[in-house]
Amino acid sequence: MESRPLVVVGAGVSGTAAAIEAAKAGVPVTLIDENPVPTSMAGLNVPLFFGQRFNNVLRDRALMMERVAATNEAQYEAISEAEEAGVDIQLGTCVWGAFRNSQNSRLLDGPQIGLADHERSWMMKYDRLIVATGSRDLSFGFAGCDLAGAMGANGAHSLMSRYQALSAQRMVILGGGLLGLKTAKMALDNGIDVAAIVDIAPSMRGEKTLATLLQSKATELYTSHTVKQAVGNNGDIQSVVLVEIDDNLEPIAGTEKVITADTVCLAIGLVPNIEILSLLDCDLTFKSELGGYVPTHDDRMRTSVYGVFVAGDAAGFHEAMVHNPDIARNQGRIAGIAAAESLGATTKGFPPLKGEMSEGQRGPTQVHTIWKQWLHSLANAAGQDTFACQCEEITRSEIIGLEPPRYLEWESEQMNRRNLQTQLKDNPVNPNQVKRLTRAGTGTCQGRNCREQVALLLAEESNTDIADVPLSTYRPPLRPLPLNVIWPDDESEDVRNEWPKWFSPNNKVLG
Amino acid sequence: MPVDRAEIVIIGGGVSGLSSAYFLAKAGKDVVVVEKGMVGGEASGRNGGMISERTDEPALIPLAVESVRLWATLDDELGFPTEFIHQGRIQVAVSEEEMGDIFTERDHAQRHGISVEQLDPSQISELIPGISGRTLGGLFFANGGHANPQRAVQAFAWAFQDLGGRLYQNTAVTGINVKDDKVTSVETTVGDIAADFVVAAAGPQTALLADMVGVHVPVAPARVEIIATAPLDPLFDIALVGNGLYGRQAARGNLLFGGGAHEWIDVDLTSDPAKPNTPLIRNIARRLAELLPAVADVPVIRSWAGIVEQAPDYMPIIDIPDSPSNYIIVTASAHGFGIAPATGKVVSDLVLHGKSDIDISGLTLNRFSDLTPDWRQNRGWIPAHH
Ligand SMILES: Cc1cc2nc3c(=O)[nH]c(=O)nc-3n(C[C@H](O)[C@H](O)[C@H](O)COP(=O)(O)OP(=O)(O)OC[C@H]3O[C@@H](n4cnc5c(N)ncnc54)[C@H](O)[C@@H]3O)c2cc1C
Ligand SMILES: Cc1cc2nc3c(=O)[nH]c(=O)nc-3n(C[C@H](O)[C@H](O)[C@H](O)COP(=O)(O)OP(=O)(O)OC[C@H]3O[C@@H](n4cnc5c(N)ncnc54)[C@H](O)[C@@H]3O)c2cc1C
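First to last, the protein sequences are chains A and B.
Under my numbering, the very last position in the first sequence is 511; numbers go up by exactly one each time.
Under my numbering, the very last position in the second sequence is 386; numbers go up by exactly one each time.
The shape of chain B in the complex, shown without the other chains:
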């Protein structure tokens, strides 16, 4: 006997799952979210908080553009603060190589009709006081900005509950029951939950949850790191990319910057993956000091790590397989925070109407039909021996 039933069960209380849950509940649906840990306990509460129109990734642009529009409405919509700041994103070049990227990005953006402005070093130092004198040039994208990850994911969770949604935290999904090409229920650590529709938005574990029903979702988990400094007086409120880093100055004043090598790992279905830091945080600190030499003496007070999943083409997957036909796969390929509001909209559209007005044709599973099962080994996207 199921312990609960819902029209829609969503696996994963990250920002993708909870944004989907929110929009479905808002459409009047009876929704349950099952999360193995706490809301935002994984990547969704640990990321850099960057939000942009993703000019570099054509397949993502429709989703990203819609997301930026939605972000601007979220505080009012949800009733909780997300710390969204809509001051745009700036990408600066401190080397000839990065300057090359700047030209490519600019052309991409223009080709896709995205607002972009090329900046010279003096314009940049007006926007980002204290920026490196080595800055050669940059781009300003007016649409975009940043938000506080934990606050945003919690805002979706609370607003979802306010609409009557049920959220099971500390409850892991351990199995998927299928009958006649349809998922009938999910097995959890507190019992079965019956559903008409199931959304697997479980980050890296989505692949394991898909495997259970014979669907291959090619993603590899990786660990990435980020550092935080002590608070500074307000310097800039634009999301900043440059010198191999991405980051922002938080509302409180701390600089939060990440970047550098990631490490491929494996995860299992129900446990909390270890997320240690490494001495890489020193190299991140160095790059940050080079990027913002004026504040090179601000103390680093913390670092952390998070787990993201990557598809072979570094793009999200949002799709309904042929079978089971009431099962939506959602993985973000490390783009998931910025695009989360539109991801939720799309998932809600797919459940309600079987299709979405937002173009996600580049994000379906069939793009991997030629992929061999040993693709991770072939690319070396596997954990090192130790």
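Same shape as in the complex, but just chain A:
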């Protein structure tokens, strides 16, 4: 198995900065990023919520490789030493697993990650790991959200900046915070019409100047509005119906507006990508102002697990970060230097803190309250029969009813008497249990697109603070990988010959 002193996962702003700093200190660094992702995965809205809005160029893997590499090179330009130091960059490579010895798993040959490209997978040992995996889109179900063209802000950002492959003509953006306004600005810069920016609040939270600028570009700002429905033809969004809402987030009859658009971009929030940290059992705490469960870390970006560092959105996301990439970059530099020092390298010391800001400047502190209100407004406008889990097509009302999946065609008096409320009398709210019974979150995206929605619904139904809803478990593989990709193509004869059968007195049992 390959073994590397320092592996950085994620070649975004923070990961690249980390890799550069560590390389400058003389540490051999491997920098891994899954872009360009295989189209098969992008089509499943994994890892980002692309909503089928990538054009055919994405299928040209060689071209995509070039574009993604160019994006990374641009980040390198300023620091030529890094290139000389020779950061080993592996693009088109995802990290799907992370393993280390712990209480009930003691047979590993050291800490290691599982990697895969579109053809094969392999394991890699590390001494130090920097997790700079960014964030993913918060996704909420609304009527028509399963049509092509419903996507997320990070998905849109990625298709625009990394791939130059966003095929949208006219966009409606949900979310009037900085995230939404920046997405709008970026779309306009890329020649995409932004028909409307919608927010449930009576005013846009994002920057005034930005909002004014956008308005001058014929973008309508709809405050106190929500989405009632996306209307489609042949599976593609053609128009979006907005509706005004009152103080109770209830739709006001007769205020519907039909907006012609082929894309609805959810820019309500981003969620830190903590999957790898969760597999490694790093301590996680719930911080609403940072997007939910985030790793605890010290000022050197060290997590609770020895040798594992975190940086950028993965350490916690707040809206100011889309405005000011220096925040993520700085965290990356610190993590890179700290990792290098912990490997015995000498560095020029830590950079002065840059871009960090006080609570008030970061953005809203009760992020989940805003998310909850959005969810309410969507449910009020379209009813509970829209999908919460799109992969398994489970509606909000099926979750509230704790209903067995439709394909079982189960009907009984006994089952009719059971629902989420009766379950909550027995047990504190438990997303894992709800998942196993309703199947919400068991689909191909493994809850990436419904976790927050289900958690918010459970918090609501159980009258629990969202911070007290446990994290639904992450498991490998973190990406849907074909059997013949995740399998080891170098399986040893020993493993083959000594494969035990299920515990049985007739068979040899491995210790």
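Partial chain B-side listing against chain A, Cβ under 8 Å, derived: (1) Gly79; (2) Glu83; (3) Arg223; (4) Ala251; (5) Ile265; (6) Asn277; (7) Arg286; (8) Ala289; (9) Ala296; (10) Asp297; (11) Val298; (12) Pro299; (13) Val300.
Short derived list, chain B residues pointing at chain A, Cβ under 8 Å: (14) Gly244; (15) Ser303; (16) Pro383; (17) Ala384.
Simulated from the structure, these hints should not be mistaken for laboratory data.
The C-beta atom is built at its ideal place from N, Cα and C for all residues, glycine as well.
Guided by the hints, dock chain B with the ligands onto chain A, whose structure is given.
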């Protein structure tokens, strides 16, 4: 002062405990189940869901045969779906070595009067489309099939409650009070619960709960792993064993397959044991792709692990020790899901009548009377150092 009292207290809300609770409540008994986590949170909600007549294990056959019969009635009986599918089990051989096992199994089954049919490769590929061309032969057991573990264990729990049973979840048993050779109450994290009869069906922790009253239950905990693929169109509805794996296609279409090396661990009484996966899931994937090459490109979307306990002879234990004499020990040795309905029947019989019509003579504790206390060390059934 006890916070509650019941005729019977059952420790463990896994499938063994809840099936026992259901049959006792159905017989009119006042029953409390105490579970440290949630219903089915451990092995019972995480297993492969395979159900068979266990031809390979003579001591288990009476229990297993009765179980298959009961499984077929459960959906109606309980009023909740278990996803039980009674299409039998197929065991295929993709190597000469496995073919050897096939002959042994066939002889076992015939000797015990269990319905078995030997299949040639073409018959197998009709039953399991997409199966490996390397298949040499196999066996078909008509009685058996599979069910959804979490749904089944929850079905028992709900049906038990519908009969008036009381279920304490997130409540751990921390002690057992004994007086004059009888258990009088169990200590829990919410207070004592008094009982006339106590059933310890706490999976690997059963050994710890037995130790407290001076009974040695020789079981070693182990962690095992399983993988799930994305859903596929219906391929087969028979439980499938072969190429070192066992598994099924779930009602939703996902392939769920497990197998391979287990890892010995230790557990403590009240905490939730960690259940990490390892890179073994890659090897499981490889074996599955070899077994079903036609679907080798289906994505793996998840894996998980569970904790089972094993006795030295890999067999369940169902017994009442001499002292305390109102205390039933139930451990499953990793066979527990398939046999759960009959396990519950037996436990209920033992409480109500002191004996059962189902033959469990091979499952009593006295079979270990020659075992030395250091048996785990001797066999190497202990956690590795790290
Ligand atoms: C709407 C919008 C506008 C933005 N505008 C700007 C801008 O103007 N200027 C600017 O510099 N930045 C901009 N950004 C980017 C953003 O502000 C920063 O990049 C971000 O704050 C933090 O970067 P990061 O390095 O933490 O994560 P990211 O930049 O998201 O990088 C994380 C990387 O990790 C990869 N990754 C995640 N998981 C895995 C895995 N398991 N295996 C392999 N790879 C993985 C991802 O694919 C991604 O490439 C914008 C973002 C958005 C959403
Ligand atoms: C991956 C995997 C695959 C398997 N495949 C199959 C299969 O295909 N077919 C089959 O028949 N079997 C299979 N098994 C085995 C089967 O799952 C178990 O034998 C069975 O579930 C045991 O049930 P149980 O109720 O006896 O124990 P458990 O399910 O372990 O339940 C015991 C319960 O007791 C609780 N408990 C423990 N200590 C305390 C305490 N102090 N206080 C209160 N509660 C406590 C635990 O939380 C737990 O819920 C498999 C197991 C695994 C893990």
